[in-house]
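**Student:** Here's the letter readout for the chains.
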Amino acid sequence: MTVPPWGAMARLVARRALLAVPVLLVVTFGVFAIAAASPFDPVKAYAGTAALGADQETLDRLRENLGVDRPFAERWWEWLTSAAGGDFGQSSVMRQPVAEVIGERLVWSALLCAVAFAVAVLLGTVLGVLAARRPGSPLDRAVTSLAYALEAAPVFWIALLAIWLFALKLDVLPAGGLTDTGSEHVTAGQLLSHLVLPAGVLAVSQLPWFTLYVRQGVGDALAEDPVRGARARGLSERTVLLGHALRSGLLPVLTLIGSRVPELITGALLVESVFSWPGIAAATVEAATAVDFPLLAALTTLATAAVLAGNLLADLLYGLTDPRVKLSEM
Amino acid sequence: MTTRRIRGAAVAAAMAGAVAACSAPGGGGTDGGAPADSVVIGVASEPDTLSPLLGYGKDGNSKIFDGLLARDADQELKPALAKALPEVGDGGRSYTYTLREGVNFSDGEPLTADDVVFTYRTVLDDKTNNTAKSELDAIKEVRADGDDKVVFTLKYPYAAFAARTVLPIVPEHIAGKQDPNTGSFNTEPVGTGPYVLTDWSKGEKLTFKANPDYWGGAPKVKKLTMAIIADDDVRATRLRSGDLDGAVLPPNLAATFKNDDGRKTYRATTYDFRAVTLPTGNPVTGDTAIRRALDLAVDREAMVDKILDGAGRPAYGPLPLDDPWFAQDVERARDLGEAERVLDEAGWKPGKDGVRAKDGRRASFTLYYPSGDKVRQDHALAYASDAKKAGIEVKVESATWEVIEPRMKHDAVLAGFGSTGDPDFGLYTLLHSSLAGDGFNNMARYDNPDVDRALDTGRRSQDPEDRKAAYDDLQRALVKDPGYTFLTHIDHMYVLADRWDGLTTQTEPHEHGFASGPWWNVEDWQPKK
Amino acid sequence: MADTTVEKTNATGAAGAAWRGHGAARRSTHTLRLRVSAALVAVTALAVLLVPPLVQLDQQAVDLSAKLLPPGWSHPFGTDDVGRDLLLRCVYGLRVSLLVGVVAALTATVIGTAVGATAGALGGWVDRAVMRLVDTVSSVPHLLLGIFIVAMFRPGVWPVVVSVALTHWLSTARIVRAEVLSLRSRPYIDAAVSGGASRWRVAVRHLLPGVLPQAGLAAVLMIPHAMWHESALSFLGLGLPTHTASLGTLIQGARGSLLAGQWWPTLFPGLFLIIPTLAIAGLAGVWRERINPRRRSELML
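Chains as they are written, first to last, in numbering that gives the first Met the number 0: chain A, 0 to 329; chain B, 0 to 528; chain C, 0 to 300.
The reader is advised that the hints may include incorrect statements.
Estimated spans, in silico, between C-beta atoms of each pair [to be verified]:
hint : chain 1 : residue 1 : chain 2 : residue 2 : range
1    : B       : Gly-436   : A       : Gly-66    : 21 to 27 angstroms
2    : A       : Val-125   : C       : Pro-186   : 52 to 58 angstroms
3    : A       : Glu-56    : B       : Glu-108   : 31 to 37 angstroms
Each computed DSS-like pair below joins lysine-lysine, with the alpha-carbon atoms no more than 27 angstroms apart [unchecked claim]:
hint : chain 1 : residue 1 : chain 2 : residue 2
4    : C       : Lys-66    : B       : Lys-387
5    : B       : Lys-176   : B       : Lys-221
6    : B       : Lys-394   : C       : Lys-66
7    : B       : Lys-222   : B       : Lys-263
8    : A       : Lys-168   : B       : Lys-257
9    : C       : Lys-66    : B       : Lys-388
10   : B       : Lys-394   : B       : Lys-357
11   : A       : Lys-168   : B       : Lys-263
12   : B       : Lys-408   : B       : Lys-387
13   : B       : Lys-77    : B       : Lys-148
14   : C       : Lys-66    : B       : Lys-373
15   : B       : Lys-388   : B       : Lys-348
16   : B       : Lys-221   : C       : Lys-66
Sample of chain A residues facing chain B (criterion: CB under 8 angstroms; computed from the structure) [unchecked claim]:
hint : residue
17   : Arg-15
18   : Asp-40
19   : Glu-56
20   : Phe-71
21   : Gln-95
22   : Glu-271
23   : Val-273
24   : Gly-278
Hints in this document: simulated from the structure, not taken from any laboratory.
Where is the CB? At the ideal position from N, CA and C, for every residue including glycine.
Chain A on its own, in the form it takes in the complex (with noise of 0.2 angstroms):
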């Protein structure tokens, strides 16, 4: 092993995070252009059902309060000022401060997604593997075609699957909820157990395209030369496929790490609705629906720091697998 380029990457991770600033103020005044083009109105959307029996002079009079019909780019100054001061305003659609609503959800979110994140990666790279190391092998059949079925298949049917057999059948799970549905505190182990489900079934979710990309990059590898070098040397299959073979086959998947993030966040939506999870993603949908631009505005700060680490990670990791790749030029 080389040793890594601690100086270069110091300097990626330096200027990346210069750059965020600039991304920041595009992607959150973007939002807010965006949003007031919404087609949805966030009046009806605040007042919910009861808007459909509203009189005229009600929705008006929310439509003053909530001072929804100012021009974009003034909310926009509005917000970046007051959140430069730490003030990020208040959600409209959750009757609560944007911190508030944001420090009670975010840790839940952040633990699913990281958890099946990484099942994800990890039985990604492990399936892929197996089905490259013997390419038309009924395995990677077997593998192959369950991924594309996984990706065409209604998540709500996993799902469901995944609640009926251990939750109803095994009884050996719990079927949603963060805790016992009948217990007040929060521990660790019922927090363990909780996540097993929903975590797992984001996981599936997320699996198909870690799955195919893995044997791809490991398949195309295992044809080269100097995998086929290694071979030729009577090198242990083990050293081939483990040393050779997967380190280069992983490149594609490091880029996948940051690209999904967006996805990952889509799916943990339906996941955390079907699992009464109290995540934020739930959040997410109703602040663009609702056009909530301070709930709105926060969370996508989140998720853009989301995806620009996520990014900054497979760059770096690239750089670490692949000698051949310069940070400098990144």
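Put chains B and C on the given structure of chain A with help from the hints.
**Tutor:** Chains B and C in isolation, oriented as in the chain A frame:
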């Protein structure tokens, strides 16, 4: 190919197996020995806020709070925080309530007349983002008279006003220090009610514990949990697994619990109707013959049986069949022949394409339903199919409310409303011509002087006999000129473990969740011996 | 199964055989799978092209008296909860979904490949600028961007296609760029460059074929994803009317009857989504193997 077949079969078998097993009764077994002093209920959605200032619990049964008055199982008003029903004076313009003595909020502070005044004044404040403020429009002034009396002065005599005072009362000493729109009272409420909120984990559950000092006596059910489970299938499965004691379910899933010994199914009738608005401004839907023909041609029974799986009743008007205010003689059968005769007589002659026409105008209009609402979608499609049989073309479209709202003047909409409490609440806003097109009030812009007169009499008269007669006239006038085609009233279905005695359901409004179902009065449940 | 790895179907088979002992028997199953995939794709294409002109479907017609009939002679797939024939609706739904899925996936892949390949091949500040742009776009919430695009047009199929395509090219762009960066350092590229090949020629003749297998994989995975996106937008009221048959709305609409014992309204549209996906994946797998320059290079050895 072989692998494909096997996997296809495996998926099919897995799914079919799941289904067969799930429809077998008592799959996961009920915990027969579960304690009767705690109950876990699965509901589909959580409230936006728990603050009555923004509309929580405005129709009563809020668990955490009490209103001046409350409703019993038959919807009759009974005193709650008030010692007795109000004294009505000044020809129906003044309502005086005397407060019950010795009532404390759950933080120990006593309830005073100032809390009541604060609550009503805050709700009526333009700065408060309460969507139901207009329900209290009749109030001119509310003031405290000493420590234990509250006097409401109204702008006009309003017979139904007492039914509005089920509005929950909040403590001024806590809520008064906050912004009612975003303050922490929205998530950490304090009230006088039978339960105290212990935790609200958003998107997961709300937990309540019994208020031991409740003025009505400490509830027998000590712990109440409301689990938020949006997916109907998951809610049914968790109920079956014993994780939940009770749940609100769609009728077809509730039916799968029918043979379950440990659980009982409850069916609550409602004021929740589905109707098609027939805009007066549209030359086709504004035509009385077309309106009458549509009213005669729709097969309400089939809609109840098939779309609602039997859990509903045909709607012959805005009031449900079992309402005391329902005019018995407006019930009518489907009669396609009569519908055709009405159209023929009015000059709507069958055209070549099967659609009738009159003076070169085709009997055709567009019907919108809000996308994503399956029940309304099915009603709209069935309505269009029925109309087609009478020679009227209904083009069904789906859209968001934002798209539908500006078109309500010309195009029909599959609407749904229904208020409990008093006929005035639902009917005045639905039918009075002065409210035509005012927001979502009177969406069809219905304009019928007979109906207006009846609505005014019903609103102002203090004599129950006069009111009953007025609302009877109104319902008959609606049959003669049906500006809305009323289709069905939807029943709500609940399944609950059979561990308590004396459970009932109320007749429920359009919105349902926490406050409805057999747990509307969970504080009064008695464990089974 | 249908997919794939019809590894080394032609001459490459020899190399494979030498390495792992893939025999003639295996090769014949490969060919069989290829044929099955091709046949299924052909049947699908014919069904969605021929059936609608021959059998009319009134999208808004219902027959409440025929509610939820199990599969049988008159309705091979049964009927749904308002008495509509599922077979016909599945075929019509497949038509809409396939259109959305294939067009959106191809568009997204072409955009992604073009952007990724340009960034990777040019390198330097162009690469950096483009990738930060990609970061920026992918940071805007997916749903919001999709809603925005759909909302700019009148509701219909094409806005949905545009919306899905324009929000889904980002992964492809990153994957393709990474692959180009990796390929650029390969000896055969160096050889081509030192042999005097122009930048354009290197990109088109050497880099592009190298990234096509990766891009093709993304395209196939995107097809079912795009179909699901269509139904999500429709339920929000921004796509097609929800009573119009599309596979996504058929499956979602039938959720309610699944646990009540009626499995057919959700299973059949589900299979209509899964089986063509597998068949297309099978064909794409063969195609990817054929164009893969790394595998091809074996022949030159």
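**Student:** Work down the list of hints and note, for each, if the structure agrees.
**Tutor:** The hints, checked one at a time:
{"no.": "1", "hint": "B:Gly-436 / A:Gly-66: 21 to 27 angstroms", "verdict": "26 angstroms, holds"}
{"no.": "2", "hint": "A:Val-125 / C:Pro-186: 52 to 58 angstroms", "verdict": "31 angstroms, violated"}
{"no.": "3", "hint": "A:Glu-56 / B:Glu-108: 31 to 37 angstroms", "verdict": "35 angstroms, holds"}
{"no.": "4", "hint": "C:Lys-66 / B:Lys-387", "verdict": "19 angstroms, holds"}
{"no.": "5", "hint": "B:Lys-176 / B:Lys-221", "verdict": "31 angstroms, violated"}
{"no.": "6", "hint": "B:Lys-394 / C:Lys-66", "verdict": "22 angstroms, holds"}
{"no.": "7", "hint": "B:Lys-222 / B:Lys-263", "verdict": "20 angstroms, holds"}
{"no.": "8", "hint": "A:Lys-168 / B:Lys-257", "verdict": "20 angstroms, holds"}
{"no.": "9", "hint": "C:Lys-66 / B:Lys-388", "verdict": "19 angstroms, holds"}
{"no.": "10", "hint": "B:Lys-394 / B:Lys-357", "verdict": "18 angstroms, holds"}
{"no.": "11", "hint": "A:Lys-168 / B:Lys-263", "verdict": "22 angstroms, holds"}
{"no.": "12", "hint": "B:Lys-408 / B:Lys-387", "verdict": "23 angstroms, holds"}
{"no.": "13", "hint": "B:Lys-77 / B:Lys-148", "verdict": "17 angstroms, holds"}
{"no.": "14", "hint": "C:Lys-66 / B:Lys-373", "verdict": "15 angstroms, holds"}
{"no.": "15", "hint": "B:Lys-388 / B:Lys-348", "verdict": "14 angstroms, holds"}
{"no.": "16", "hint": "B:Lys-221 / C:Lys-66", "verdict": "45 angstroms, violated"}
{"no.": "17", "hint": "Arg-15", "verdict": "33 angstroms, violated"}
{"no.": "18", "hint": "Asp-40", "verdict": "5 angstroms, holds"}
{"no.": "19", "hint": "Glu-56", "verdict": "7 angstroms, holds"}
{"no.": "20", "hint": "Phe-71", "verdict": "17 angstroms, violated"}
{"no.": "21", "hint": "Gln-95", "verdict": "6 angstroms, holds"}
{"no.": "22", "hint": "Glu-271", "verdict": "7 angstroms, holds"}
{"no.": "23", "hint": "Val-273", "verdict": "5 angstroms, holds"}
{"no.": "24", "hint": "Gly-278", "verdict": "7 angstroms, holds"}
When the structure is compared with the earlier hints, violations turn up for hints 2, 5, 16, 17 and 20 and for no others.
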